[in-house]
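**Q** Top to bottom, those sequences are chains A and B.
The letter at position 50 of the first sequence is residue 50 when you use the numbering used here, and the numbering goes up by one with no holes.
Count along the second sequence from 1, add 1000, and you get the number used in the numbering used here.
Please keep in mind that the hints were generated in silico from the structure rather than gathered at the bench.
For each residue, glycine too, the CB sits at the ideal point set by N, CA and C.
Please note that the accuracy of each hint is not assured.
[What the hints assert, rightly or not] DEER-style ranges, computed between Cβ atoms:
1) B:G1067 / A:V217: 23 to 31 angstroms
2) A:T2 / B:R1002: 43 to 51 angstroms
3) A:N67 / B:S1062: 42 to 50 angstroms
[Stated by the list, open to error] No farther apart than 16 angstroms at their CA atoms in a straight line, the calculated lysine to aspartate or glutamate pairs in the EDC-like style are these:
4) B:K1004 / A:E72
5) A:K125 / A:E7
6) B:K1080 / A:E72
7) B:K1037 / A:D5
8) A:K125 / A:D5
9) B:K1004 / A:E62
10) B:K1032 / A:E182
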Amino acid sequence: MTLVDKEAFQKGIKDGIPIALGYAAVSFALGIAARNHGFSWLEATVMSLMNNTSAGEFAALELIRVNAPYAELALTQLIINLRYLLMSCALSQKLDEHLPFYHRFLIGFDVTDEIFGISIGYPGKLNPFYSYGAMAISIPCWAFGTCMGVLLGNVLPQSIVSALSVALYGMFLAIVIPPARESKVLASVVLVSMAASIVFDWIPFLSWVSGGMKIIVLTVLLSLGAAILFPIEEEVSHEK
Amino acid sequence: MRNKVLFAILVMAAVTYLIRVLPLIFLRKPIKSRIFKSFLYYVPYVTLSVMTVPAIFTATSSPISGGVGLITAVVLAYRKASLIQVASIACVAVYLIEFIL
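Next comes chain B alone, as it looks inside the complex (with noise of 0.2 angstroms):
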């Protein structure tokens, strides 16, 4: 294992793990601010809807595929099928769309 990565891992792993448990430690009141807890509460949409569009047309090996994947997941998604479910059907449709293309 390389040390630079291995001191990476420990960074992420400390900043990541204080963030999860200080409120448990800290937290006895609710939070008060309405904009700091709306300000967390948008903070998952944003960051994941950032990391997907337009990274997921280069992760496959075509545009074309990653946007079926795209729309498969979209839509299989808003009809609310579980995590697995659209993890592993858009899989599939890249699959498919890779050996026909």
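Only chain A is shown next, with the shape it has when bound in the complex (with noise of 0.2 angstroms):
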């Protein structure tokens, strides 16, 4: 490691902090909601330390509990997180071309919103010791939170654990809703994303489908009608 990559490392922690701060808060509400989908705390954290994903996550408790079919399971991850491949076709663009393999395969452990936000931030190409930096303080926050969620959601009274719940979903709409306020399709496609959402639990004869169907048919549908009808400028931006 040169003296340059020991800085960028010391930077991707500085910077890594409230990321590691906000992972803390919003995985003990995912080890809650694991504990309450019958998740020991070894199963939620091992799951937290492996896959980085609130929103993957949260979306396989559901699909555990009920013994949802691999395939199902690994097509909700699929489609949950297929973001993470647009970022990832983003930060390829960052990466030094020559670049060896064994950075590319290490710095793809983590790619999350939030480590792709401040990665794509980072003046010129991407020094890799700046993403370990930002991974080695956040990934144990989002395991250790979780952990915690699991064991301290027996203690905190119901009160605080109903309270908790919410946090996740305040995560999800800190995400949304700062780039729909300055978009009209975008204000247009969360909203009706939600309404569609409402509706397929209403509709009797969809009822049969399960809560991991719902998200990919939801999301293949809407995203697609979305891009066909609204494409993107050519250049957007993928600053948060």
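Now that you have both chains on their own, put them together as the hints suggest.
**A** Structure below.
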């Protein structure tokens, strides 16, 4: 590790602190949800260590609880986490052409909304050690928060657990709303998606469709519809 | 740890890792298809919206407190509060409204 790498690593840790704090809070709520779905602290912690995806893990809780087929679980992760494909596509352009593959394998482990956000903001080509710094502090916090959520979910009074259950949705809204504010198309997409989700739950003959399939079906249909009706301009910024 | 759960975790971890790492390994040129780029661009917004509503109404002790949490989070996010602020203040709002009810 050169001096430049060391500095990048330290900067990654520093920029990763607010992310890690946010992760600890949100993963605590995820842990509570995991407990409500019958997960042990070890199961939930291992899941968080290996996945690093709030929406994906959240959807998986219900699928695993009802013993959904592995194919459905895989397909749900594929669709929910498709955004990481887009982010990794953008991130690939930030990497030095000659960056060795082992760095690419490691960076790919933790392409999240937040770490992608700060990585894209890194001046010039991305130093992989910057990513490692952010990962070094945020991955343990994500796993630790999940673990604590499972363990302390038992201890905390119901009123606190109920209040914390809303944190994850708050985070989703914090990701979705600000860009929607800047774009009428995005705002419409968000509103239509929410309305469609409510309608989907109300229609009796669709009630046999599982939660994971619902997310897949609505995401593919609505995203494709939006893409055809309102294709994005050639250079849309991926910044948060 | 239940074996079935461990295997499920491995399946989802493998899928999620491949999604993240394959573009870093194989992508040398930018994506050309405008429709595909647009599709990927809209996916997170649709997915997160679908997952939030109506689930938020059943996540807390009552639909009313869930609704208060939803409105609080939307207003704060609209005012560009940070991720931590939105999540934590929504929790406080839910706690307070359930305390009152």
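**Q** Now tell me if each hint is right for this structure.
**A** Here is what the structure says about each hint:
1. The hint said 23 to 31 angstroms for the Cβ distance between G1067 of chain B and V217 of chain A, and at roughly 26 angstroms that hint holds.
2. Under the hint 43 to 51 angstroms, the C-beta atoms of T2 of chain A and R1002 of chain B, about 45 angstroms apart, fit the expected range.
3. Separation of N67 of chain A from S1062 of chain B is about 30 angstroms and departs from the stated range, judged on CB atoms against 42 to 50 angstroms.
4. Our distance criterion of 16 angstroms between C-alpha atoms is met by K1004 of chain B and E72 of chain A, whose separation comes to about 15 angstroms.
5. A threshold of 16 angstroms between alpha carbons decides the hint, and for K125 of chain A with E7 of chain A the separation of about 15 angstroms falls inside it, so the pair holds.
6. In summary, the hint linking K1080 of chain B to E72 of chain A is not supported, as the alpha carbons are separated by about 35 angstroms, beyond the 16 angstroms threshold.
7. Of the pairs offered as hints, the one joining K1037 of chain B and D5 of chain A is violated, with about 33 angstroms between alpha carbons and a cut-off of 16 angstroms exceeded.
8. The straight-line distance between the Cα atoms of K125 of chain A and D5 of chain A is roughly 13 angstroms, inside the 16 angstroms bound, and the hint therefore holds.
9. Under the criterion of a C-alpha separation no larger than 16 angstroms, the hint pairing K1004 of chain B with E62 of chain A is consistent with the structure, at around 14 angstroms.
10. Of the supplied pair hints, the one linking K1032 of chain B and E182 of chain A is violated, its CA atoms being roughly 25 angstroms apart against a limit of 16 angstroms.
Hint compliance for this structure: hints 3, 6, 7, 10 are broken, all remaining hints hold.
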